[in-house]
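Peer 1: These two chains come separately, so use the hints to put the complex back together.
What follows is the residue order along each chain.
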Amino acid sequence: MSHPSTDMAARPDAAPAIQITGVTRRFLTPEGTFNTAMHDFSLTVKRGEFVCVVGPTGCGKSTTLNLVTGLITPSAGQVRVMGQPVIGIDRRVGFVFQSDALFPWRSVLDNVAAGPRYRGVPRAEANDKARMWIARVGLGAYESLYPHQLSGGMRKRVALAQTFINEPEILLLDEPFSALDVQTRTVMQDELLRLWAGTGASVVFVTHDLEEAVALADQVVVLTASPATVKKVHAIDLPRPRVMSEIRYEPAFIEIARRIWDDLRDEVTLGQRVALDRTTTILRTETA
Amino acid sequence: MTTDNTMAPTERPASDFSLDNLERRALARQRRRSSIVLTLRVAIFVIVIALWELATGLGWIDPFFFGRPSGVARQIYEWMTEGTSQGSLWFQMWVTIEETVLGFLIGSVAGIVCGIALGRNRFLADVFSIYIKIANSIPRVVLGSIFIISLGLGMASKVALAVVMVFFVVFANAFQGVREADRAMIANAQILGASPWQLTTSVVIPSAMSWILASLHVSFGFALVGAVVGEFLGSKQGVGLLISTAQGAFNANGVFAAMIILAVMALGAEYIITGIENRIVRWKPAALNEHGG
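Chains A and B, in that order, are what the protein sequence lines are. Quick note on the numbering used here: the first sequence kicks off at 1 and runs consecutively. Quick note on the numbering used here: the second sequence kicks off at 1001 and runs consecutively.
In isolation and in its complexed conformation, chain B is listed as follows (with noise of 0.2 Å):
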């Protein structure tokens, strides 16, 4: 409890309370904290994957069926010292990480517009509610094998799945946090002279960030998700055809392989768009940040 003081706690002098101990124990025991933690998750990473390894190698379970790590990291460093067989990795990277983006892009602007034009129009969003639910119920994926047929095996449908992924999130926050303005902020803007535009444009838009940003951060997944379920309903490039000839091949490793090239896209991503944000929203204080909406 006193390693990081110089004192026996039995002879704790009256100064031992002073500010600057106060606050150097306070940051040690910060600093311990964080410590415990990253041990802790360290651990439990090294554990599962030593009883995943353990099981398979002692025959408790099938590595046929259910892969093994070493397989795994075998198995990634191949594709990428000796390409994959539809040619190099980085290459399949690169076309599902243009698809995931194109489509990304396209989708959240599409949605951000259209969310805020009916949010902002109380009854074209009464016209437009009840189609707006009946596609948000509809499960969109499937829509993958209308794009296959209509647009082909290249990067169209993709995208296409993509962005139809992409934009029932954003429009629906873009939506709600449109309706979600302030009425005392917008009233407020009105009487110091706003017209309708700079209504939208300086208080309406502004006040929808927050929800809008919020659900880019869960989209850009959505956008992972289509490209590359696209690739496996039908493709001749990409990670998502990677899945599907190791599928075919039954080499689970490959599976497990391909999933932890894509959590890795998908992470680098997340910490991209968590750098845009931070940049947007620097008004905010720090705790209203972190619930973000």
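Chain A extracted, bound-state conformation (with noise of 0.2 Å):
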């Protein structure tokens, strides 16, 4: 996580795929009032490499990929994908959701197809394309479903072929587990890893559960209580490829996750506490 040096940033071919540097975000709240969602907030990804970011709720994680798609600008700072400055939605950026951001009116294959289609496909070649990646996310039968008829992991498989059917770069996971259940979500993380392996993507996936953190990433990035800013970055030197359902067990994920955790504790109680102050004023200028 050293800050670039400027030989780095004049070869762009040499740059880091995702560089945030110095980054302050303020916001006007509806009340008018100014927020400060992050602070001084900086932050490298290397090509290739796998980060996850993890912090107490609220402290602004899913604020630094919305920064990296181009979706809101930092306030001061600057943020460069691979070595250029972000103006406007970069295409070689993938981006897959907490929630269901599929299209409910479209059926699997629409949906998969949609990214190609957008991008000037034409319609056969956008559909032998998205038919082979939902052969790969394993949903070869359900193409002619639509999204309500699916259960929440298979259509979180539609969302991973969809998004990687556009071939990114960079791929930006915003909590894309966190509503399923334990099981299907060991099953999805094992998909994801599969998935990305071979295509060189880097990625940054944001998560609050710190095991999913330390078993699927090769740097884990602990993120302060609001405003953000990053605390401290850990190395997972664990070998690849990793099972998912295993390596939860290991003895070096174990004493990995309780390194980071005594980072994290301290920043969770904190993010606890800003938290109530906030809502104990709301109910004070509520009541008043």
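Honestly, the hints are just simulated from the structure, not real lab data. Cβ atoms here follow ideal geometry from the backbone N, Cα and C, with glycine treated the same way. Be aware that a few hints might be false.
Cβ-Cβ distance ranges computed for the label pairs, FRET-style [stated by the list, open to error]:
| no. | chain 1 | residue 1 | chain 2 | residue 2 | range |
| --- | --- | --- | --- | --- | --- |
| 1 | B | A1172 | A | G198 | 48 to 58 Å |
| 2 | B | T1201 | A | G200 | 33 to 43 Å |
| 3 | A | R26 | B | E1180 | 25 to 35 Å |
| 4 | A | T29 | B | A1172 | 36 to 46 Å |
| 5 | B | N1121 | A | T29 | 49 to 59 Å |
| 6 | A | G138 | B | L1022 | 34 to 44 Å |
| 7 | B | M1259 | A | R284 | 52 to 62 Å |
| 8 | A | G138 | B | L1019 | 29 to 39 Å |
| 9 | A | R26 | B | W1197 | 24 to 34 Å |
Per the computed footprint, the stretches of chain A lying under chain B, defined by three or more beta-carbons under 8 Å from a beta-carbon of chain B, are [claimed, not checked]:
| no. | region |
| --- | --- |
| 10 | 85-96 |
| 11 | 189-201 |
Peer 2: Shown next as structure tokens:
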């Protein structure tokens, strides 16, 4: 997590995949006051690296991802993707959402083919490619069904196929499996690693689940409670390929998880207090 | 309780709880329930009509002011067989339907287009919202008089009133539907590569569809009201004129008869619109379909 040297920025092909430098983000709340979501936030993701971001609830984890997509802009500081400053939505970025962001009026096939279709690929070609990805996530028999006819895990598979079909060089995931039950979540984590292996994509995976972060990542970034800054970065040197259902019982895994939890615990406590204070303030102003 | 069951309740063997049996009994229970509902519906209709007929027959209320069911039926039969004072009943109905459908189509298309355009453009929405509110709070039926003055006694003035009645309802719903489109879904489409136009046609409009369809249900009724009130205010043809003629002749039966004819027309239209809606929103789960926006 070294700060970027100037010669690295000069050679875009060698630049890190994502480089967030000194970003502060403030926004106007509906009550007319300014709220600071991030303060002097810096983060570097190397090419092909799998980075997990953990932090207390409401600390601005998702804001990190939105900065990279270009959906929001920093109030101060700089965000670079592949060495170039972010202006608007980058075509090399893929995003998997926490909530169900599939199009409910489209069949599985049309959902997966949406990306190529938007990008001007002819229908027949887009459908062929979509069928390949649907088969790859194991939904070959379900291409004509609608999202509401699928289970939560199957919908996540469709979402993964929908994102991977665009062959993103940068893959952002915002607590993608948090709504799934534990067994399905383990299966989907394996699925994600399998799909990711060999793509060379750089991944930022936001989660509140510490074990999930340790199991998946090369680096785990711990954020502080609001406003978010990077507290510490932990390297996870567990060998790949990893098997999700087994890795969490290995002594090395448990040791790393404990070390990171020591960091995270204080922030979680602090985060709870901040949230509590905020609620109390709101209550007090409402009753006043 | 066991009428649908061949076993006596006291000596019910274990096989009686087989799935087959349970299913059969559940089905029977459902059938019985729906037949009771139907019976009660018919009974209520018969009782109300019979009471009305009886009350006028026994002189409790004056049939001159309140009409009587047999009189209304006779009036409808007369109109159907001999025609009305303005000509054939079918022609009167046709005129009203034509005005209603024209007003409905023009008003809803304009409402959908304006609603989506303003819903997608925050700045335009902020500028125009105040005027929409003002226009919405005016009792629009009054505009009928203006339309009669400016567009004459023909069809144009009725169509114009129906358009005004329909437009605001559809507009408000289309606008709200666009605003309620899921943020994550929009962001997803943007990141997948959708241009602003693709975003509007492939995400925003489909997600506003259930709102728009819900408003179309209501607004066909409004179009009919617009057309009939327009005819009422001044016209040469139409069911609305039948009502005002009957009113002028103190013919209460005539007013009720025209009312029933209008109700039949509205129900027919409702049936057609529901059919179209079910075709459009086939992707929805059945439960969602029912509360439809």
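Peer 1: A range of 52 to 62 Å was offered for this pair. Does it hold for the Cβ distance of B/M1259 and A/R284?
Peer 2: holds, 58 Å
Peer 1: Given a hinted range of 24 to 34 Å, is it respected by the beta-carbon distance of A/R26 and B/W1197?
Peer 2: Holds - the Cβ-Cβ distance for A/R26 and B/W1197, about 33 Å, lies within 24 to 34 Å.
Peer 1: Taking 8 Å as the Cβ threshold, is the statement that the region 189-201 of chain A is covered by chain B upheld or broken by the three-residue rule?
Peer 2: violated (count 0)
Peer 1: Taking the CB of B/A1172 and the CB of A/G198, does the distance hold inside 48 to 58 Å?
Peer 2: Given a distance of about 52 Å, which is inside 48 to 58 Å, the answer is holds.
Peer 1: How does the Cβ-Cβ distance of B/T1201 and A/G200 compare with 33 to 43 Å: does it lie in that range?
Peer 2: holds, 34 Å
Peer 1: For the range 29 to 39 Å, tell me whether the beta carbons of A/G138 and B/L1019 fit it or not.
Peer 2: holds, 32 Å
Peer 1: For the hint 34 to 44 Å, verify it against the beta carbon of A/G138 and that of B/L1022.
Peer 2: Distance hint for A/G138, B/L1022 holds at roughly 36 Å.
Peer 1: Taking the CB of B/N1121 and the CB of A/T29, does the distance hold inside 49 to 59 Å?
Peer 2: violated, 24 Å
Peer 1: Is it true that the C-beta distance of A/R26 to B/E1180 lies inside 25 to 35 Å, as the hint says?
Peer 2: holds, 28 Å
Peer 1: Report holds or violated for chain B covering the region 85-96 of chain A, Cβ cut-off 8 Å, minimum 3 residues.
Peer 2: This one holds; 5 residues, not fewer than the three required, reach chain B with a Cβ under 8 Å.
Peer 1: Please check whether A/T29 and B/A1172 have a Cβ separation lying inside 36 to 46 Å.
Peer 2: violated, 28 Å
Of the numbered hints stated above, those contradicted by the structure are hints 4, 5 and 11, listed in ascending order.
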